[in-house]
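Colleague: If you want the building blocks of each chain, they are given just below.
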Amino acid sequence: AQRVTQPEKLLSVFKGAPVELKCNYSYSGSPELFWYVQYSRQRLQLLLRHISRESIKGFTADLNKGETSFHLKKPFAQEEDSAMYYCALSASEKLVFGKGTKLTVNP
Amino acid sequence: NAGVTQTPKFQVLKTGQSMTLQCAQDMNHEYMSWYRQDPGMGLRLIHYSVGAGITDQGEVPNGYNVSRSTTEDFPLRLLSAAPSQTSVYFCATSRGPSYEQYFGPGTRLTVT
Numbered sequence: 001a002q003r004v005t006q007p008e009k010l011l012s013v014f015k016g017a018p019v020e021l022k023c024n025y026s027y028s029g030s031p032e033l034f035w036y037v038q039y040s041r042q043r044l045q046l047l048l049r050h051i052s053r054e055s056i057k058g059f060t061a062d063l064n065k066g067e068t069s070f071h072l073k074k075p076f077a078q079e080e081d082s083a084m085y086y087c088a089l090s091a092s093e094k095l096v097f098g099k100g101t102k103l104t105v106n107p
Numbered sequence: 001n002a003g004v005t006q007t008p009k010f011q012v013l014k015t016g017q018s019m020t021l022q023c024a025q026d027m028n029h030e031y032m033s034w035y036r037q038d039p040g041m042g043l044r045l046i047h048y049s050v051g052a053g054i055t056d057q058g059e060v061p062n063g064y065n066v067s068r069s070t071t072e073d074f075p076l077r078l079l080s081a082a083p084s085q086t087s088v089y090f091c092a093t094s095r096g097p098s099y100e101q102y103f104g105p106g107t108r109l110t111v112t
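Chains A and B supply the protein sequences, listed in that same order. So that you can map any letter, position 29 of the first sequence is 29 in our numbering, and since no number is skipped, the others follow by simple counting. So that you can map any letter, position 85 of the second sequence is 85 in our numbering, and since no number is skipped, the others follow by simple counting.
What the hints contain is simulated information worked out from the structure, not anything from laboratory work.
Straight-line Cα separation of at most 30 Å, DSSO-like style, residue types lysine-lysine; simulated pairs: (1) 9(B) to 9(A); (2) 9(B) to 99(A); (3) 9(A) to 57(A); (4) 73(A) to 9(A); (5) 99(A) to 14(B); (6) 22(A) to 102(A); (7) 102(A) to 73(A); (8) 9(A) to 22(A); (9) 65(A) to 22(A); (10) 102(A) to 57(A); (11) 73(A) to 15(A); (12) 102(A) to 9(B); (13) 15(A) to 99(A); (14) 99(A) to 65(A); (15) 9(B) to 94(A).
Away from chain A, derived, C-beta distances all over 12 Å, residues of chain B: (16) 7; (17) 15; (18) 28; (19) 71; (20) 73; (21) 109.
Yeah, the Cβ is synthetic: ideal placement off N, Cα and C, and Gly gets one too.
Full structure from sequences and hints, please.
Modeller: Now the structure itself:
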């Protein structure tokens, strides 16, 4: 069965510092991975997906099949990046989410 | 074009009561799903549907029923509410599980 692990419940950084939100997955097939974000009082929304290999709001994520990871990175965090971030894995007609990491960017 | 709507926004139930959470979409998406969001537990898949007339169980289906008679609607039924079902419920729609999911605003349910 597929599983997504986000080891950090909370992550706090200062504005301008690099940030990395970790995501590891467990799946025997070829994974399709996503990062979703939930800003305060807003709906969950897609941030990026590995298949598109694009950068959104300065965030990037690289799929590392050897380490079964899909970590989300941003070189210079902004206060508006403060939000809840969820890593998700699509497999067998299901989309499974991790437990989420709450990112706080301090001024 | 409303996108994905959920009703009600808030609900308080007593243990043992039943209710239906509504989810509707006007995006002509085949794939719809229900999640519950709990602190420290993230989003957990309850049930999903790949099209009208087809539903299947997710990670935490016990205590919930779904049906999909039309493309637009995917109601979630709580048969006999329990305090453990206190949560925020999100409906999502998409072209499929590998495509971008569009989430509703959520329903905050409290069971006393």
